[in-house]
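Visitor: Residue numbers (UniProt numbering), protein chains in the order written: chain A, 1 to 306; chain B, 1 to 300.
Calculated directly from the structure, the hints in this document are not laboratory data.
Note that the structure is predicted; figures quoted are calculated from it, not measured.
Keep in mind that a hint or two might mislead.
[Claimed, not checked] Simulated coverage check for chain A against chain B, where a stretch passes if three residues somewhere in it have a Cβ under 8 Å from a Cβ of chain B:
1. 248-260
2. 273-283
[Unchecked claim] Between beta-carbon pairs, the in silico distance windows are:
3. Leu-72/B / Ile-13/A: 47 to 57 Å
4. Thr-257/B / Pro-301/A: 52 to 62 Å
5. Ile-17/A / Pro-213/B: 33 to 43 Å
6. Ser-76/B / Phe-119/A: 34 to 44 Å
7. Ser-182/B / Lys-221/A: 28 to 38 Å
8. Ile-220/B / Arg-123/A: 42 to 52 Å
9. Leu-294/A / Gln-66/B: 53 to 63 Å
10. Ala-49/A / Phe-278/B: 25 to 35 Å
11. Gly-127/B / Tyr-158/A: 51 to 61 Å
12. Phe-47/B / Lys-7/A: 49 to 59 Å
13. Pro-213/B / Gly-93/A: 50 to 60 Å
14. Phe-119/A / Gln-66/B: 43 to 53 Å
15. Leu-53/B / Arg-123/A: 35 to 45 Å
16. Gly-75/A / Pro-213/B: 47 to 57 Å
The beta carbon of each residue, even a glycine, is placed where N, CA and C say it ideally should be.
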Amino acid sequence: MFAYIVKRLLQVIPTLIGVSILTFFLIHAVPGDPARMIAGPEASAEEVAEVREHLGLDQPLYVQYGKYVSNLLKGDLGVSLRSERPVLDEIMGRFPSTITLTVMAIAVMVVIGLFAGIFSATRPNSLIDNVTMMVSLFGISLPVFWLGLMLILLFSYYLNLLPSGGNDGFSHFILPALALGLSSSAILARLTRSSMLEVINQDFVRTARAKGVKEKLVVYKHTLKNALIPIVTIIGLEFGTLLGGAVLTETVFSINGLGRFIIQSIQFRDYPSIQGSILFVAAIFVIVNLLVDLCYGLVDPRVKYE
Amino acid sequence: MSQIDLALQQDESTSEHAYASRSQWKMMVSRFKKNKRAMVGFWMVVFCVAVALLAPWVAPYDPIEQNMQIMLEGPSLNHPFGTDEFGRDILSRIIHGTQISLMTGIVGVLIAVILGVALGTISGYFGGLADTLIMRIMDIFMAFPSFLLALAIVSVLGPGMINVMIAIGIFSVPTFARLSRSSVISIKDKEYIEAVKAMGGSHLHIIIKHVIPNSIAPIIVLSSMRIATAIITAAGLSFLGMGAQPPTPEWGAMLSTGREYLRVAPHVSTMPGLAIMFLVLGFNMLGDGLRDALDPKMKL
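Using the sequences plus the hints, can you model the full thing?
Guide: Given below as structure tokens:
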């Protein structure tokens with residue numbers, strides 16, 4: 001197990017290097033002169049030159065990348081052009097909101113998706129299964145930003161139950177987490193259903209039933225436990241979708257999180273901030289997927305870490 | 001025509017495989033037709049395509065003509081979906097928006113299919129260093145949450161629908177590359193490929209004439225599903241102001257402007273959202289149906 005963790009950790013390194021190269025080149029892929037783009041169309045030649053020097057864009061690429069990586073290793077993501085504060089500070093100030101939103105959305109996804117999936121799988125092809133699967137098809141076809149607006153309309157404007165925006169407390173995160181998580185719960189419900197159906201007809205499940213094990217135990221202990229690997233995988237992958245979707249949800253609900261920061265940075269052409277935040281989110285996603293990989297052994301002892 | 005070509009041609013027309021694949025298609029079509037949900041999805045997509053093609057004739061009003069006297073009016077007989085903040089007819093804008101959304105989805109996915117299948121096929125067919133290199137690069141792309149990757153690409157290229165299509169194309173490439181690699185690997189050692197090799201068929205001939213046609217079915221299924229994702233993503237980017245610019249009647253952008261009038265005129269946001277859902281639902285049902293018709297056990 002320990003050797004496996006070390007091996008997987010080492011495998012993450014090339015991915016992170018690749019991610020850093022990709023985000024590094026982000027700024028260089030800007031059509032035309034990035035310095036001119038950042039300085040704005042009205043800037044004078046001196047101002048453009050200043051931006052170029054400030055960002056080190058006048059140096060050879062490998063020097064720039066070397067500097068970029070050595071700064072990264074020191075935790076230095078550069079300085080925001082907009083606020084002139086370190087990008088990492090800007091990110092850290094907003095990340096708690098984003099991670100709260102994402103984790104709550106995961107909770108919504110797991111609670112609704114898992115139970116809907118189990119419910120459907122234990123009654124295959126019944127009316128209720130068909131309805132659940134149809135609802136989940138609608139669910140995966142819903143744009144999260146539209147769902148967010150509709151939730152605001154219903155729960156904030158018409159029913160006056162929950163706040164429509166901001167990030168001052170737990171109640172502010174309920175609607176955004178619902179908006180963000182519902183679509184993923186539909187994906188999870190479909191996957192849980194198909195994954196359980198594969199297991200539910202196997203011999204050991206029939207044996208369990210034949211020897212008189214209670215249905216609840218058959219479903220949760222014998223079937224679900226053996227169907228968990230794809231379920232855990234999709235939860236990890238959906239984490240990335242939710243982190244990306246947070247950009248939209250935060251905009252809809254005016255949450256001052258990392259997603260909104262990225263949008264504001266794009267509007268301001270604040271490239272160090274865009275680069276830094278995207279790198280940060282990708283790194284989080286890589287780590288979450290690593291954790292998911294490590295979870296396989298806990299979920300299914302047959303998985304050997306070799 | 002050289003002897004090899006003749007031999008190869010003969011091989012295609014007489015091999016058992018050619019018959020098998022023809023009847024396989026027939027079986028697929030009949031399975032698909034029996035699936036009610038899939039057929040509903042199919043007709044939903046056909047309906048949207050028809051609306052898109054006939055937009056100038058079926059839209060009751062000009063999608064960008066303003067009429068301030070009737071701004072933010074709710075649904076009525078004259079304007080079944082109401083009017084927006086400039087008094088434009090929302091139904092007409094949605095009808096014209098169908099063109100944009102369909103186009104973005106299809107072109108975006110087409111870019112991804114071309115690049116993804118090319119990379120995946122090279123990777124799977126040749127293996128070795130090319131395989132390792134291509135797949136590691138794909139892994140890196142997959143390390144980014146996909147919406148964020150699309151957003152990053154558009155932030156670099158600048159706002160606009162063409163750039164949105166490119167962004168959607170790029171962020172979908174790894175999915176197609178992986179799928180096409182695995183299906184190429186599953187067929188590359190089959191006997192009919194060996195036979196063409198033995199007859200001296202070049203790699204390019206084998207790839208274009210045999211490998212791609214025989215590994216394309218799952219790609220078609222995935223395409224249908226990815227068009228759905230692409231349409232939602234494109235609408236999301238436009239919602240954030242990164243896609244279509246005003247006064248283009250793009251659904252995501254319409255929804256975004258409607259946000260400001262959510263309390264007084266909720267229909268401005270509601271209607272484009274329903275349109276997105278209708279089209280995306282159609283593609284998702286179509287994709288599900290194609291998958292079940294092709295291979296019910298396939299995991300996509």
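Visitor: Within 33 to 43 Å or not, the Cβ separation of Ile-17/A and Pro-213/B?
Guide: At 38 Å between Cβs, range holds.
Visitor: Given a hint of 49 to 59 Å, does the C-beta separation of Phe-47/B and Lys-7/A actually sit inside it?
Guide: With Cβ atoms ~52 Å apart, the hint holds.
Visitor: Okay, Gly-75/A versus Pro-213/B on CB: inside 47 to 57 Å?
Guide: Cβ of Gly-75/A to Cβ of Pro-213/B: about 52 Å, so the range 47 to 57 Å holds.
Visitor: Is the gap between the beta carbons of Leu-294/A and Gln-66/B within 53 to 63 Å?
Guide: Taking Cβ atoms as reference, Leu-294/A and Gln-66/B lie about 58 Å apart, which means the hint holds.
Visitor: Given the hint of 43 to 53 Å, is the C-beta distance from Phe-119/A to Gln-66/B inside that range or not?
Guide: holds (50 Å)
Visitor: A range of 42 to 52 Å was offered for this pair. Does it hold for the Cβ distance of Ile-220/B and Arg-123/A?
Guide: violated (32 Å)
Visitor: Verify the CB-CB distance for Thr-257/B and Pro-301/A against the hinted window 52 to 62 Å.
Guide: At roughly 54 Å between Cβ atoms, Pro-301/A and Thr-257/B fall inside 52 to 62 Å, so the hint holds.
Visitor: Given a hint of 51 to 61 Å, does the C-beta separation of Gly-127/B and Tyr-158/A actually sit inside it?
Guide: holds (60 Å)
Visitor: Go check the region 248-260 of chain A versus chain B for me, would you? Three or more residues, Cβ under 8 Å, otherwise it fails.
Guide: This one holds; 3 residues, not fewer than the three required, reach chain B with a Cβ under 8 Å.
Visitor: Using the C-beta atoms of Pro-213/B and Gly-93/A, is the stated range 50 to 60 Å upheld?
Guide: Once the Cβ atoms are compared, 54 Å apart, the range 50 to 60 Å for Gly-93/A and Pro-213/B holds.
Visitor: Would you say the C-beta atoms of Ala-49/A and Phe-278/B sit inside 25 to 35 Å of each other?
Guide: violated (52 Å)
Visitor: Note whether the CB distance of Leu-53/B and Arg-123/A lies within 35 to 45 Å or breaks it.
Guide: Hint holds: Cβ distance 42 Å, inside 35 to 45 Å.
Hints 8 and 10 from the earlier list are contradicted by this structure; the remaining hints agree with it.
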